[in-house]
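Just so you know, the protein sequences line up as chains A and B, in that order. Heads up, this note's numbering is the position in the first sequence plus 14, with the first residue counted as 1. Heads up, this note's numbering is the position in the second sequence plus 358, with the first residue counted as 1.
Among the hints, erroneous ones may be present.
[Stated by the list, open to error] Facing chain A, a subset of chain B residues (Cβ under 10 Å, in silico):
id, residue
1, Met359
2, Gly361
3, Lys382
4, Met397
5, Leu398
6, Asp402
7, Gly447
8, Gly449
9, Leu452
10, Thr465
11, Leu467
12, Ala468
13, Ala550
[As the list claims (entries may be wrong)] Among chain B residues calculated to face chain A with C-beta under 7 Å, some are:
id, residue
14, Glu395
15, Pro435
16, Pro439
17, Val469
18, Ala493
None of these hints come from the bench; they were simulated from the model. Cβ atoms here follow ideal geometry from the backbone N, Cα and C, with glycine treated the same way.
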Amino acid sequence: MIDQAQLSGILRALCPMHVIVNATGHITCVGPTLAKLRPDQTFLGTRFLETFEMTRPRMVSCMADLLALKQARVKLRFRDAPETALKGVLISLPGGAGAVVGLSFGISILDAVRDYQLTEADFAATDLAIELLYLVEAKTAAMEASRSLNLRLQGAKIAAEEQAFTDTLTGVKNRRALDHILSRLAGRKTPFSLMHLDLDLFKAVNDTYGHAAGDQVLQTAARIMVEQTRSEDTVARIGGDEFVLLFEGDRDAAKLAGIADRLIRRIEAPICFEGQECAVSASIGIARADSGTQSDPLSILHHADLALYCAKRAGRGRHRFFTPDMLSPQTPQTPQAKFG
Amino acid sequence: MHGLINRAIQSFVCLTYGRDRWEKVMQCADLGFEEFEAMLVYDDQCSERVLRCLCRELDRDLSEILEDLGTFLVSHPDLEPLRRLLRFGGGGYLEFLHSLDDLPDRTRLAVSDLHLPKLELREFATGHFNLSCAADLPGFGHVMMGVLRAMADDYGALAFLEMQKSADQKEVIRIALLDSAFAEGRGFDLGARAE
């Protein structure tokens, strides 16, 4: 049988955070690492349960309860700050001579190394604390690298989406973007207005001066539309020489008519391409979704389409507002026919 | 090759020689991109082309560049987390050397798809070691030379290192540990996690 001095010598190396408690519940020995946690405190001779609060099992209130455990997993914490939580095992010594409690930090290890300036030498050779700390730091570094990759991918995704919603020739929104915005408007009771704009005589420019001239006309017309609208309005090119302008919010008819006329006037100004003057005009159909009524954006777009058709028929270079009679059967059912 | 390795080469070139030199290297390598992502895996050929172009751009031998890369990984302040991870290997340089056998496993614990060549430390006389690097990543031995040199400084140890080639083409580093407490070294506080 070994004596207590020998036992504690072995325990110091095997379990540097052990406590030996005698039959009366007083501490007779503490391991070197545990002692390091309270450098100013003399453990020896103090009551175990006055230094530590048992958190599991909870019903332990006196030494007799403790010794009755025989062998049990325990959780406890220091009664004074920092109230570091410890976990371990308690084994009663034979003949009611007291108990040995072997402790470790468990999950509180991260705080403990910071609070107590622990080093590798403070842990038992079998303790996985160092590996755990290593893993936490390694995973944090790897996570950081992953996070920065995610951020960059997120930025690339936004840029790609932006591109996917942009008409590459003119820089205004494209058909997809318009559909997206219209579907967002569907089911809402917010008022909005649509202008369907079609360039007049565009085909002639293309045929006479070539596609490069046509492209320049489209770019110029698009720029005029952007200039004549507010930044929260939408300008989209939805086909060859077809544009849709979307105005969210309540705009009265006079204001819209004013915008339409200014657009036509500015688009009619000759556009220079390699010394040639390209003359085009524009026809515009306007339809409004009133506030308070839930309107289907696609049918409003259809109304704008019908109004455009009427504007074209009335002799180009003008705008028309949608009126319900445009829906009547005598109106030809081919409003999307191209006029060029 | 894992993005972390490519990214390490990129950081080394950018922080040591400047961003414009790196851009020249990447133009020469003609991979279609300029930045490596740390968490993606690239074809081995990408790294080989970058290193070939790097040798040409810097007009230096690959072995020298790789050794400098190893030193950079340990000593540059931007890579402090990596230095800390290496210091977890042991309290002193001797223990650190003995922990090198575990380095590939430790690395995989952190990043599961980052495979480093197997390392094997043999002590053939007191204080005299051979570290052999498996041949699956040529040049890795030179990087380890730089790492071991810088870590010796970090621990404050005095060591003499020399590169050799074994009969089976393994890169072997001869290490003579002359004094493990030669200088003060840099501190390592377990609780001070690198930002």
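Checklist entry - Can you name, in rising order, the numbers of the hints this structure does not satisfy? => result Hints 1, 3, 6, 9, 15 and 18 are the ones this structure does not satisfy, whereas the remaining hints hold.
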